[in-house]
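Enquirer: The lines below spell out each chain.
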Amino acid sequence: MSYPDLSVKIAGLHLRNPVIPASGCFGFGREYAQFYPLNQLGAVAVKATTLKPRIGNPTPRVTEVCGGMLNAIGLANPGVDYVVRYELPWLANQDVPIIVNVAGETKAEYVEVVRRVCASGLAAAIELNVSCPNVAAGGMTFGVDPNILQDLVAAVKEVCTVPLFVKLSPNVTDIRESALAAQAGGADGLTLINTLLGMQIDIYRRRPVLANKTGGLSGPAIKPIAVRMVYEVASVVDIPIIGMGGIFTGEDAVEFIMAGASAVMVGTANFTNPLACPQIIGEIEEFMRKQGIRSLVEIRGCIG
Amino acid sequence: MLLRVKDIANLAPDIWQITLSGDFPYKTVKPGQFIMIRIGSGKEHVLRRPISIAAVTEQSLTIVLRVVGRGTKWLSERCIGDLLDVLGPLGRGFPSPPQDAKVLIVGGGLGVPPLWLLGETIQAEADEVDVVLGFRSQRDCILTDEFSRLGHLVVTTDDGSFGIKGNVIEAVDSLRRSGHSWEYVYACGPLPMLRNLKRYFSNQDVKGYVSLEEHMACGVGACHGCVCLSEDRSLTRRICVNGPVFPWNEVCL
Ligand SMILES: Cc1cc2nc3c(=O)[nH]c(=O)nc-3n(C[C@H](O)[C@H](O)[C@H](O)COP(=O)(O)OP(=O)(O)OC[C@H]3O[C@@H](n4cnc5c(N)ncnc54)[C@H](O)[C@@H]3O)c2cc1C
Ligand SMILES: Cc1cc2nc3c(=O)[nH]c(=O)nc-3n(C[C@H](O)[C@H](O)[C@H](O)COP(=O)(O)O)c2cc1C
Ligand code: FES
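Quick note, the sequences are listed as chains A and B, same order.
Heads up: the first sequence begins at 202 in my numbering, then just goes up one per residue.
Heads up: the second sequence begins at 2 in my numbering, then just goes up one per residue.
Bound-form chain A, shown alone (with noise of 0.2 Å):
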């Protein structure tokens, strides 16, 4: 019996299979090489640039809850002139498509970063983070109203020389407006969904357990949700999406797929189990060639 094909075409990018790390888990990629040869993904989301280094937020910055983790890391980065001298060249030479998340506190911002990734050469292609829920100004503010959304997505989109994705907040009321106005900016392709804000509390010591009070709630606990986001926003808009959230093994990644995702972000699985994404790989492929699949094609947002 012939091998199912994993490869994927999206919004021009062509991928071995449909399985990439999520921006934020995977650093820019150097500690997880040393379980296994990055070129086994699909392409690789990087953690969030900014224009300026960022140390980000007090700790305690991550904790564990019921199916999940809530993070405040507060887009802790080197900044972009570092990332783009010191951390892209080497990922680079692993021979993997690299997806540059990028942040920002004004729309200036967002633009100039942007243009300096796209300058560099390195990036197969940006990521506009519009929904992070852990820094003050600027990140998540853009993901919730789809006017300053679609204003934002259009800037960028005209200094981007390559596919421009746009992550959407699922911290909104219908998500299907983010969608339809990062498509109406010109975004090439979507990716949801980030995390939702989530909140613990200490009760013995009475007070929040992240010293941010709040975080961004990721991994098994959202994985209905953004499933179901997926579904709706395939059904409106007419580019790509890569999905994400709550995704730990093959089955969840083609349940993703099959409400309409062309690939998969793999997040907090990573930290679980290091060796998280080839083993998705390898889950996926199993599945097809079990049920005879030959390309994920024949299954993407086959539920209608």
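Keep in mind the hints are simulated off the structure, nothing from the lab.
Don't take each hint at face value.
As the list claims (entries may be wrong) - Here are some of the chain A residues that sit facing chain B, going by a computed Cβ distance under 8 Å:
#1 228
#2 232
#3 233
#4 264
#5 267
#6 270
#7 277
#8 469
#9 471
#10 473
#11 475
To be verified - Now the in silico label distances, taken between C-beta atoms and shown as ranges:
#12 A/425 x B/166: 49 to 57 Å
#13 B/248 x A/504: 55 to 63 Å
#14 A/493 x B/86: 28 to 36 Å
#15 B/83 x A/309: 55 to 63 Å
#16 B/251 x A/505: 52 to 60 Å
#17 B/41 x A/296: 30 to 38 Å
#18 A/407 x B/235: 26 to 34 Å
#19 A/234 x B/251: 21 to 29 Å
#20 B/2 x A/234: 13 to 21 Å
Quick reminder that beta carbons are idealized off the backbone N, C-alpha and C, glycines included.
Following the hints, position chain B with the ligands against chain A.
Expert: For chain B with the ligands alone, coordinates are given in the frame of chain A:
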């Protein structure tokens, strides 16, 4: 790596010692390094728990943990023969002191276990090792027999139910007043203890190393969850890969 529980014993109320065996690079373990242990096998617990390596042989490693929440409770309920999914050894441990150095080891509470391996490692080389361990009360005292074999041991308890009543800084001070002096100080324990110790030695010519704790997600440097601030507060250091042991003059305590 999957390691098998070889032994599990209750050392004190809520404190458990677990010995693990199986394929693991035991020989490379440095005192102060830690492992990340997966809790359960499903999707309920997504974060591994960081636990220091307290002792190591050629075929096994030992951890000592206090039950403080769901993860450590689960660990305390393991049985001999159970498998644990372990990542490690992780982080940078304590650097060895030079031959014949005068060394002080200071531990507080659950900061004591990683110092056990340190004590064993440097005992052979150091000239003199003084050990000061602080606990809340007699029933929390752990590993005191092991440490008494390693050097001159002073134990303090907050309530005076064992050893000297008081805190470790007072005990260190009285040792110094009675003529002890040190070139290297190694410490692990609650942050206020580390802070006070650094302050105590601030204008003396000693090299101090502290082992820090923070909530962790990845344990390998990827998530930036576990950071502490550099001494001048301008940068962050990742405790899981740049530490957990730092020269105390490099970090803001
Ligand atoms: C490098 C390092 C070495 C450690 N060595 C030991 C040791 O040898 N023995 C020991 O008993 N404990 C040690 N700890 C502390 C231990 O990791 C925590 O007590 C444990 O993670 C608590 O998990 P829980 O599920 O029982 O508690 P919960 O409070 O239910 O945990 C919820 C979440 O918070 C995290 N968390 C809570 N308290 C801490 C803490 N103090 N440090 C880090 N994460 C925390 C947990 O990992 C988990 O993600 C060490 C911590 C670090 C960072
Ligand atoms: C520790 C941590 C850091 C994250 N950092 C970023 C980030 O920098 N940019 C971003 O767009 N998303 C970030 N995310 C969100 C993830 O990329 C992903 O959208 C989310 O975690 C849901 O997927 P998961 O359930 O597989 O983790 C982060 C998530 C976690 C857990
Ligand atoms: S725990 Fe992820 S960087 Fe330290």
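Enquirer: With reference to the structure, classify each hint as holding or not holding.
Expert: Okay, the hints, checked on the actual structure:
no.: 1; hint: 228; in the structure: holds, 4 Å
no.: 2; hint: 232; in the structure: holds, 4 Å
no.: 3; hint: 233; in the structure: holds, 7 Å
no.: 4; hint: 264; in the structure: holds, 6 Å
no.: 5; hint: 267; in the structure: holds, 6 Å
no.: 6; hint: 270; in the structure: holds, 5 Å
no.: 7; hint: 277; in the structure: holds, 5 Å
no.: 8; hint: 469; in the structure: holds, 5 Å
no.: 9; hint: 471; in the structure: holds, 7 Å
no.: 10; hint: 473; in the structure: holds, 5 Å
no.: 11; hint: 475; in the structure: holds, 7 Å
no.: 12; hint: A/425 x B/166: 49 to 57 Å; in the structure: holds, 56 Å
no.: 13; hint: B/248 x A/504: 55 to 63 Å; in the structure: holds, 57 Å
no.: 14; hint: A/493 x B/86: 28 to 36 Å; in the structure: holds, 33 Å
no.: 15; hint: B/83 x A/309: 55 to 63 Å; in the structure: holds, 56 Å
no.: 16; hint: B/251 x A/505: 52 to 60 Å; in the structure: holds, 59 Å
no.: 17; hint: B/41 x A/296: 30 to 38 Å; in the structure: holds, 35 Å
no.: 18; hint: A/407 x B/235: 26 to 34 Å; in the structure: holds, 33 Å
no.: 19; hint: A/234 x B/251: 21 to 29 Å; in the structure: holds, 27 Å
no.: 20; hint: B/2 x A/234: 13 to 21 Å; in the structure: holds, 18 Å
The structure agrees with every numbered hint stated previously.
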